[in-house]
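Protein chains in written order, with our numbering: chain A, 7 to 92; chain B, 168 to 357.
If you're looking for bench data, these hints aren't it; they were derived computationally from the structure.
Just so you know, not all the hints are guaranteed correct.
Stated by the list, open to error - Calculated cross-link-like contacts (lysine to aspartate or glutamate; reagent style DMTMM-like; alpha-carbon spacing at most 25 Å):
no., chain 1, residue 1, chain 2, residue 2
1, B, Lys354, B, Glu298
2, B, Lys222, A, Asp26
3, B, Lys305, B, Glu176
4, B, Lys222, A, Glu37
5, B, Lys248, A, Asp26
6, B, Lys222, A, Asp36
7, B, Lys173, A, Glu13
Said to hold, decoys possible - What the simulated footprint calls covered on chain A by chain B, stretch by stretch (three residues with Cβ under 8 Å from a Cβ of chain B suffice, anywhere in the stretch; the number is not a length):
no., segment
8, 15–26
9, 37–44
10, 55–66
11, 78–87
Stated by the list, open to error - Looking from chain B toward chain A, a few residues come up when the C-beta cut is under 7 Å (computed):
no., residue
12, Lys174
13, Leu175
14, Ile179
15, Arg180
16, Tyr183
17, Gln220
18, Asp227
19, Gly229
20, Thr343
Bear in mind that the values here come from a model prediction, so they are computed numbers and not experimental data.
The beta carbon of each residue, even a glycine, is placed where N, CA and C say it ideally should be.
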Amino acid sequence: MDQRRRELLRIMELEFAAIDLNLFLDTHPDELRALADYNAVAQELMRAKTAYESRYGPILNYGQSMSQETWRWVEEPWPWEITFNR
Amino acid sequence: MWIYEKKLEYPIRVSYTNPRLAKEIITQYGGPDGELAASLRYLTQRYTMPIPQAKAVLTDIGTEELAHMEVVAALVYNLIKNATVEEIKAAGLDDYYADHDKALYFVNAAGAPWVASYIQSKGDPVADLHEDMAAEQKARSTYEYLIRLSDDPDVTDALRFLREREVVHFQRFGETLNLVHEWMDSKKVF
């Protein structure tokens with residue numbers, strides 16, 4: 007697996023943890039341990055995304071990420087063009 | 168407002184061109200228990216939910232279902248993108264090809280287009296949440312049938328992930344239903 011896919015995979019792992027904790031917290035908003043986990047994951051996810059974006063361009067649109075030098079949002083590959091074949 | 172993230176929720180692998188499997192999996196794109204139906208059902212039911220947790224759950228699960236729709240689309244796209252017309256004919260996907268080439272369209276496994284009557288938005292939170300729990304169970308069954316039909320272990324891996332999410336969503340909707348019942352009980356005046 008190339009470097010880009012490894013980094014993307016790490017973002018997917020972290021964001022999946024965030025999604026699952028988010029849904030749990032929706033019905034358990036007073037669970038402080040889950041909240042602490044969510045905040046820790048969110049912080050690490052932000053770091054991973056910032057590092058990825060500095061190399062491969064924005065992962066978020068509409069002002070949620072900046073694009074350095076040129077407008078890299080339009081660059082391929084798009085998500086459905088990236089497979090993780092062994 | 169929604170923001171697009173230039174990534175899938177789950178990394179997909181597709182071992183080989185397989186239009187037969189694509190024809191089956193596309194039902195989770197535009198079929199009665201598919202991800203489009205799930206997403207639109209939750210996102211349209213949320214407006215009339217009576218408690219904040221229910222508004223959050225429907226918004227967040229409705230959003231995750233959009234991400235699942237994209238994973239299903241990516242599977243179908245990669246299963247057919249290199250298929251020859253002969254392979255498409257042999258797989259029985261020629262009827263679909265006549266109307267859509269290899270483009271993604273919202274149909275069930277038999278080719279029937281998506282219709283809004285697949286979903287309901289009743290305004291009664293108990294009725295809506297029961298529908299949502301049933302929808303998750305129906306989607307779970309569909310993924311189990313697709314896993315049985317799949318002859319590609321890499322595709323099966325993504326189908327297993329999607330199946331597990333239905334189980335988690337069912338759990339969260341059940342908890343939401345309990346919270347709605349508690350809210351209704353708290354409003355009773357004797």
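Okay, the hints, checked on the actual structure:
1. For the hint linking Lys354(B) to Glu298(B), the alpha-carbon distance of about 24 Å falls within 25 Å, and the restraint holds.
2. In summary, the hint linking Lys222(B) to Asp26(A) is supported, as the alpha carbons are separated by about 17 Å, within the 25 Å threshold.
3. Of the supplied pair hints, the one linking Lys305(B) and Glu176(B) holds, its CA atoms being roughly 21 Å apart against a limit of 25 Å.
4. Taken as a hint, the Lys222(B) and Glu37(A) pair is honoured in the structure, with Cα atoms around 19 Å apart against an allowance of 25 Å.
5. As the CA atoms of Lys248(B) and Asp26(A) are separated by approximately 32 Å, the hinted pair breaks the 25 Å bound.
6. A distance of roughly 17 Å separates the Cα atoms of Lys222(B) and Asp36(A); the hinted pair therefore holds under the 25 Å criterion.
7. The hinted pair formed by Lys173(B) and Glu13(A) meets the criterion: a straight-line CA distance of about 13 Å does not exceed 25 Å.
8. For the segment 15–26 of chain A, the stated coverage by chain B is satisfied: 7 residues place a CB nearer than 8 Å to a CB of that chain, which reaches the threshold of 3.
9. Restraint check on the segment 37–44 of chain A versus chain B: 0 residues with Cβ-Cβ distances below 8 Å, three needed, restraint violated.
10. Counting residues of the segment 55–66 of chain A whose beta-carbon sits less than 8 Å from any beta-carbon of chain B gives 3, enough to reach three: the coverage restraint holds.
11. Coverage of the segment 78–87 of chain A by chain B holds in this model, with 4 residues showing a Cβ closer than 8 Å to a Cβ of that chain against a need of three.
12. Using the Cβ-Cβ criterion of 7 Å, the hint placing Lys174(B) at the interface with chain A is satisfied: the shortest such distance is roughly 5 Å.
13. Below 7 Å, beta-carbon pairs count as interface contacts, and Leu175(B) has one with chain A at about 5 Å; its hint therefore holds.
14. Because the beta carbon of Ile179(B) sits about 6 Å from the nearest beta carbon in chain A, less than 7 Å, this interface hint is met.
15. Checking Arg180(B) against chain A by beta carbon gives a least distance of about 5 Å; that is within 7 Å, so the hint holds.
16. Of the supplied interface hints, the one on Tyr183(B) is violated, with its beta-carbon coming no nearer than about 10 Å to a beta-carbon of chain A, more than 7 Å.
17. With a least beta-carbon distance of about 6 Å to chain A, the hint placing Gln220(B) at the interface is held under the 7 Å criterion.
18. Nearest Cβ of chain A to the Cβ of Asp227(B): about 6 Å, under the 7 Å cut. The hint holds.
19. The beta carbon of Gly229(B) comes no nearer than 11 Å to any beta carbon in chain A, farther than 7 Å, and the hint placing it at the interface is violated.
20. For Thr343(B), the interface hint holds, the least distance from its beta-carbon to any beta-carbon of chain A being 6 Å, beneath 7 Å.
Against the hints set out earlier in the document, violations occur for numbers 5, 9, 16 and 19.
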